[in-house]
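Hey, can you work out the whole structure from these sequences and the hints?
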Amino acid sequence: MNKWASLALVNITLCLTFSAAANECVTPEGFEHDSGAYHLTDLKSSVSLVNLWAVWCPPCLKELPALDSIATNENFSVETIHIGNNLPAVEERFFKLGIDNLPKTIEPDIGAIHALGFQGLPATLVVINGETKFRYSGYIKRPPEVIQGWLTCLKEAL
Amino acid sequence: MKRQPSYTIYAFLAACLLSFNAVAKPLKFELQENTLGTVTEKNWQGKFLLMGIGYTSCPDICPTTVIDLATAVNSLKEDANKVTPIFISVDPNRDTVENLDMYVKYFDPKMVGLTGTQEQIKSIAKRMKATYGYSLEGKPIYPPLPKQYEVYHSAYIYLYGPDRELIDVFGYGEGGEKIGQSLKRYINE
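Top to bottom, those sequences are chains A and B. The first sequence begins at 1 in the numbering used here and counts up by one. The second sequence begins at 159 in the numbering used here and counts up by one.
Honestly, I wouldn't trust all of these hints.
Here are the computed distance ranges between Cβ atoms for each label pair [unchecked claim]: (1) A/ASN101 with B/THR198: 43 to 51 angstroms; (2) A/VAL26 with B/LYS235: 43 to 51 angstroms; (3) B/GLN203 with A/SER46: 52 to 60 angstroms.
In silico DSS-like pairs for lysine-lysine, Cα to Cα no more than 25 angstroms straight-line [to be verified]: (4) B/LYS263 with A/LYS104; (5) B/LYS287 with B/LYS205; (6) A/LYS96 with B/LYS263; (7) A/LYS62 with B/LYS263; (8) A/LYS141 with B/LYS342.
Since the hints were derived computationally from the structure, they do not count as laboratory data. Glycine included, each C-beta is placed from N, C-alpha and C at the ideal position.
This is the structure:
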């Protein structure tokens, strides 16, 4: 077997191993499998929960404290992206809701929602090593502990 | 022998009815705006109106209707002032004109938020051939509304000309950019 064939075999084996391990992580209800490269922002961790939100969206505001409560976990990062260029309003909402651990990233292009294939907000992606693996449309109904356990499992499967 | 009415007469009547329905009535309404007070279709003279309906207290997922209105109008750049984007709330019970104004201004300073009494909203919805209603635990309910209820509505976006005749209707999910391209064509006709 030549060198390239061996490397390809190792790669395939690693992918299959991850895939098998990741399959053991129980996907919380409402998250759907997805695939595609993620380019919207730079991410801090190999496993990231990316949440698109806006100050005018009541379910987004309801969701932020739950996301904040799991944002310091070292196994994954929680990246909140506000759709629309309105930093003062973002800061006011974070202050009112007591949000301490979430980034105030702004995406000025409101067309980003459609570009990512969503029809509304909130919208959430799970990105693993730069690849979108799962998506969720709307308010996440499962408790933050369940999401935290799942993301940790996905990290350990890497 | 009993005479049977001619099928020709029936066909003629049906054709009249169809042609009558096929011509949409021009826009006509009386609603409330935060700073302007009572407004009608005669406000915003000489402008096209790009209109969507909805409500602000979406429970689980918020649609992008107002985003689409803002994106479509802003894509016109120097011609953006030829079109007034209007969002009408069909939930006046919870959406006051003040709250609605604050809500629409998050999307664009040009955005107009309108609502009115149940009668006024019913009247404009009928005129636009839009549908909406209220429900509780899956069953339709009617005003006076209880504290908790859900709102359902059709989600088209309507373009009216300066003469307030309906020009086009855009489906939900078409996206602001695509609607903007159609707007460009219509305002340059």
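Status of each hint after checking the structure:
| no. | hint | in the structure |
| --- | --- | --- |
| 1 | A/ASN101 with B/THR198: 43 to 51 angstroms | holds (49 angstroms) |
| 2 | A/VAL26 with B/LYS235: 43 to 51 angstroms | holds (49 angstroms) |
| 3 | B/GLN203 with A/SER46: 52 to 60 angstroms | holds (58 angstroms) |
| 4 | B/LYS263 with A/LYS104 | holds (20 angstroms) |
| 5 | B/LYS287 with B/LYS205 | holds (21 angstroms) |
| 6 | A/LYS96 with B/LYS263 | holds (20 angstroms) |
| 7 | A/LYS62 with B/LYS263 | holds (21 angstroms) |
| 8 | A/LYS141 with B/LYS342 | violated (41 angstroms) |
This entry does not satisfy hint 8, going by the numbered hints stated previously; all others are met.
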